[in-house]
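**Student:** Protein sequences, first through last, are from chains E and X. Letter by letter, the first sequence follows residues 1 to 393 in the working numbering. Letter by letter, the second sequence follows residues 394 to 485 in the working numbering.
Calculated from the structure, these hints are not laboratory results. Treat the hints with caution; some may be incorrect.
Claimed, not checked - Far from chain X, some chain E residues (derived; all Cβ distances over 12 Å):
| # | residue |
| --- | --- |
| 1 | 199 |
| 2 | 272 |
| 3 | 335 |
| 4 | 376 |
Stated by the list, open to error - Using 25 Å as the maximum straight-line C-alpha spacing, the simulated SDA-like pairs for lysine to any residue come out as follows:
| # | chain 1 | residue 1 | chain 2 | residue 2 |
| --- | --- | --- | --- | --- |
| 5 | E | 152 | E | 228 |
| 6 | X | 398 | E | 360 |
| 7 | X | 398 | E | 49 |
| 8 | E | 357 | X | 408 |
| 9 | E | 111 | E | 16 |
| 10 | X | 411 | E | 16 |
| 11 | X | 398 | E | 352 |
| 12 | X | 411 | X | 459 |
| 13 | E | 357 | X | 459 |
| 14 | X | 398 | E | 224 |
| 15 | E | 330 | E | 286 |
| 16 | E | 357 | X | 465 |
| 17 | E | 357 | X | 472 |
| 18 | X | 398 | E | 342 |
| 19 | E | 330 | E | 183 |
| 20 | X | 398 | E | 347 |
| 21 | X | 411 | E | 152 |
| 22 | E | 357 | X | 430 |
| 23 | E | 357 | X | 394 |
| 24 | X | 411 | E | 310 |
| 25 | X | 398 | E | 89 |
| 26 | E | 265 | E | 146 |
| 27 | E | 330 | E | 111 |
| 28 | X | 411 | E | 275 |
| 29 | E | 152 | E | 183 |
| 30 | X | 411 | E | 354 |
| 31 | X | 398 | E | 231 |
| 32 | E | 265 | E | 352 |
| 33 | E | 147 | E | 175 |
| 34 | E | 147 | E | 3 |
| 35 | X | 398 | E | 147 |
| 36 | E | 357 | X | 429 |
| 37 | X | 398 | E | 348 |
| 38 | E | 357 | X | 414 |
| 39 | E | 357 | X | 411 |
| 40 | E | 152 | E | 139 |
Just so you know, even glycine gets a beta-carbon here, dropped at the ideal spot from N, CA and C.
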Amino acid sequence: MSPSGAELLRRVKSQIDEVDPSEVNELIDEGVTIIDVRGTEEFATGHLPGARSIPRGHLESRIESAAPDRSAELILYCESGIRSAYAVRTLKEDLGYEHVRSMTGGIALWKDRGYEVEIPRTLTSEQRERYSRHLLIPEIGADGQQKLLDAKVLLLGAGGLGSPTALYLAAAGVGTLGIVDDDVVDLSNLQRQVIHSTERVGVAKVDSAAESIRALNPDVKVVKYPLRIDASNIMGIIEGYDVIVDGVDNFPTRYLLNDATVRLKIPVVSASILGFDGQLSVFKPYEGPCYRCLFREPPPAELAPSCGANGVLGVLPGTMGLLQATEVVKLILGIGDPAIGRLLLYDALGATLTEVKVHRDPDCPICSRDPEEISDEEMGAFPDYEAFCAAAG
Amino acid sequence: MATIKIPPVLRASVGGEKELTASGGNVGEVLRDLVAGHPATQSQLFSADGELNRYVNVYLNDEDVRVLDGLDTTVGESDTLVILPAMAGGSR
């Protein structure tokens, strides 16, 4: 006569080894492999810290990727200890795992004892669809997408460089985009500032940008700063952001930004454009050079063409802005080699990209010192600052 | 003759060229040869005391001459000098 379910379970349990939650709690710190054999939806409601999910139906086909060494210690659990008991017998009898045990009482007893439960953050089904091309890339995947959604990026300017950067970062699912710009959309902007539109001429750029971002990806929270950044407000604005995208059009702000970001150790992805030429570099405080290491002083105003209106090929800020967006995504995900300590020079007419090295200056007035030593008065200062600004108008 | 890459802000001073050649055995000589041919670049590259302006970077191929021997850095015939003044601009 075939055994009853209860009889079968008693028999299986007599053939396998079980382990008490208290011992599992100690083994977690030693890095033992723990497998949750419940369904993926149960796993999503909370699991043991560091546990991997292999639903029992997939056990035989997936266990080897999680536990390639059959002599290594392995702990399985489910909700109450039944499914994991059967799973342990399968691994032991059929697959030859030598040290596999089932946790007594499952995660229910684990919770009763008050041990830590990790609740995984999951993407909604809409997010899985929206970001599916990211999820397919091993370097990004669900964890990377979650990092992007958690990231806070500040864009200085919603103009030529900021427009494409903001659009692509929003599309990529960067969760918070701060935008600093005190300007309104002008018809002459639209040759390159693709985040704005003809019908929004006259509208504040932060509002216009926010509208486009919302239409593209409602996941993104936009924080609007309709102002010009200066020494009195910079620290309050930039603090808390993970990466700053610098597309500012004048030297005093560039130096101010550099000094403030070194103080707060926030990486800056910087680009500039003129005519048919663009430059790009990533300034990651204390890991690479800062902007002052690259340029100790700004040029005199007559050699600083940024101070007035200058011509620029409309697609060039698109090219440079998207190189910036790419560096931002790399910094958030921690992948690849960001352009730290390197300056990329793009010549659109020649279709050439030249790279030069940028070194940390051991005598840098800012980043050769500890961040807390940098005073408010020093920030953004450089010789002849007043004269520079007067000449620059 | 070494090749010199001219940045956008200096092109008006050299008749619009993006690249020029100049002769000299070291960085200082090559740059002074450039200035001899295009006097308008003098004040943009050099300060009154003959030093390179602090807002101008010069690279021998991809290396900053400040970490080499500055203006005394030896330049070969096939070398390229990149002149790079600070640049801003873009968002407005």
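**Student:** All the hints need checking, so say for each whether the structure fits it.
**Tutor:** Results of checking the hints against the structure:
1. The claim that residue 199 of chain E lies off the interface holds: its Cβ sits roughly 21 Å from the closest Cβ of chain X, which is beyond the 12 Å cut-off.
2. At roughly 4 Å from the closest C-beta of chain X, the C-beta of residue 272 of chain E falls inside 12 Å, breaking its exclusion from the interface.
3. Distance to chain X confirms residue 335 of chain E as a non-interface residue, since its nearest Cβ pair spans about 24 Å, more than 12 Å.
4. Taking the minimum C-beta to C-beta distance to chain X, about 23 Å, the non-interface status of residue 376 of chain E holds against the 12 Å cut.
5. A distance of roughly 20 Å separates the Cα atoms of residue 152 of chain E and residue 228 of chain E; the hinted pair therefore holds under the 25 Å criterion.
6. For the given pair, residue 398 of chain X sits about 24 Å from residue 360 of chain E by alpha-carbon distance, which is consistent with the 25 Å threshold.
7. Annotation: proposed proximity of residue 398 of chain X to residue 49 of chain E is violated, straight-line Cα distance about 57 Å (limit 25 Å).
8. Our distance criterion of 25 Å between C-alpha atoms is broken by residue 357 of chain E and residue 408 of chain X, whose separation comes to about 28 Å.
9. Restraint check for residue 111 of chain E and residue 16 of chain E: satisfied, since their Cα atoms lie roughly 23 Å apart, inside the 25 Å limit.
10. Taking the CA atoms of residue 411 of chain X and residue 16 of chain E, the gap is about 78 Å. The hint is violated against a cut of 25 Å.
11. A hinted pair counts as satisfied when its Cα atoms are at most 25 Å apart, and residue 398 of chain X with residue 352 of chain E qualifies at roughly 12 Å.
12. A threshold of 25 Å between alpha carbons decides the hint, and for residue 411 of chain X with residue 459 of chain X the separation of about 23 Å falls inside it, so the pair holds.
13. Straight-line distance between C-alpha atoms of residue 357 of chain E and residue 459 of chain X comes to about 11 Å, which keeps the hinted pair within the 25 Å bound.
14. The straight-line distance between the Cα atoms of residue 398 of chain X and residue 224 of chain E is roughly 40 Å, outside the 25 Å bound, and the hint therefore fails.
15. Taking the CA atoms of residue 330 of chain E and residue 286 of chain E, the gap is about 18 Å. The hint holds against a cut of 25 Å.
16. The straight-line distance between the Cα atoms of residue 357 of chain E and residue 465 of chain X is roughly 19 Å, inside the 25 Å bound, and the hint therefore holds.
17. This hinted pair checks out: residue 357 of chain E and residue 472 of chain X have alpha carbons roughly 16 Å apart, not beyond 25 Å.
18. The suggested pairing of residue 398 of chain X with residue 342 of chain E holds, with an alpha-carbon distance near 18 Å, which does not exceed 25 Å.
19. The hinted pair formed by residue 330 of chain E and residue 183 of chain E fails the criterion: a straight-line CA distance of about 29 Å is larger than 25 Å.
20. Of the supplied pair hints, the one linking residue 398 of chain X and residue 347 of chain E holds, its CA atoms being roughly 11 Å apart against a limit of 25 Å.
21. Between residue 411 of chain X and residue 152 of chain E the CA atoms are separated by roughly 39 Å; this puts the pair beyond 25 Å, and the hint is violated.
22. With a CA separation close to 29 Å, the supplied pair residue 357 of chain E and residue 430 of chain X exceeds the 25 Å bound.
23. Pair hint residue 357 of chain E plus residue 394 of chain X holds up; C-alpha atoms about 23 Å apart against a cutoff of 25 Å.
24. Between residue 411 of chain X and residue 310 of chain E the alpha-carbon distance is near 18 Å, which keeps this suggested pair within the 25 Å criterion.
25. Among the hinted pairs, residue 398 of chain X with residue 89 of chain E is inconsistent with the structure: their alpha-carbon atoms are about 72 Å apart, more than 25 Å.
26. For the given pair, residue 265 of chain E sits about 23 Å from residue 146 of chain E by alpha-carbon distance, which is consistent with the 25 Å threshold.
27. Distance hint between residue 330 of chain E and residue 111 of chain E is unfulfilled; the C-alpha atoms sit about 38 Å from each other, more than 25 Å.
28. Distance restraint check for residue 411 of chain X and residue 275 of chain E: the Cα-Cα separation of roughly 12 Å lies within the 25 Å cut-off, and the hinted pair is therefore satisfied.
29. As the CA atoms of residue 152 of chain E and residue 183 of chain E are separated by approximately 22 Å, the hinted pair is consistent with the 25 Å bound.
30. For the given pair, residue 411 of chain X sits about 14 Å from residue 354 of chain E by alpha-carbon distance, which is consistent with the 25 Å threshold.
31. A hinted pair counts as satisfied when its Cα atoms are at most 25 Å apart, and residue 398 of chain X with residue 231 of chain E does not qualify at roughly 36 Å.
32. Between residue 265 of chain E and residue 352 of chain E, the direct Cα distance comes to roughly 32 Å. Violation of the 25 Å bound is thereby established for this hinted pair.
33. Proposed proximity of residue 147 of chain E and residue 175 of chain E is supported: the alpha carbons are some 9 Å apart, at most 25 Å.
34. A C-alpha spacing of about 51 Å is found between residue 147 of chain E and residue 3 of chain E, which places the hinted pair above 25 Å, so the restraint is violated.
35. Restraint check for residue 398 of chain X and residue 147 of chain E: not satisfied, since their Cα atoms lie roughly 41 Å apart, outside the 25 Å limit.
36. Of the supplied pair hints, the one linking residue 357 of chain E and residue 429 of chain X is violated, its CA atoms being roughly 28 Å apart against a limit of 25 Å.
37. Among the hinted pairs, residue 398 of chain X with residue 348 of chain E is consistent with the structure: their alpha-carbon atoms are about 14 Å apart, no more than 25 Å.
38. Simply put, residue 357 of chain E and residue 414 of chain X have alpha-carbon atoms about 22 Å apart, close enough for the 25 Å limit, and the pair holds.
39. With a C-alpha separation of about 21 Å, the suggested pairing of residue 357 of chain E with residue 411 of chain X holds against the 25 Å cut-off.
40. As the CA atoms of residue 152 of chain E and residue 139 of chain E are separated by approximately 20 Å, the hinted pair is consistent with the 25 Å bound.
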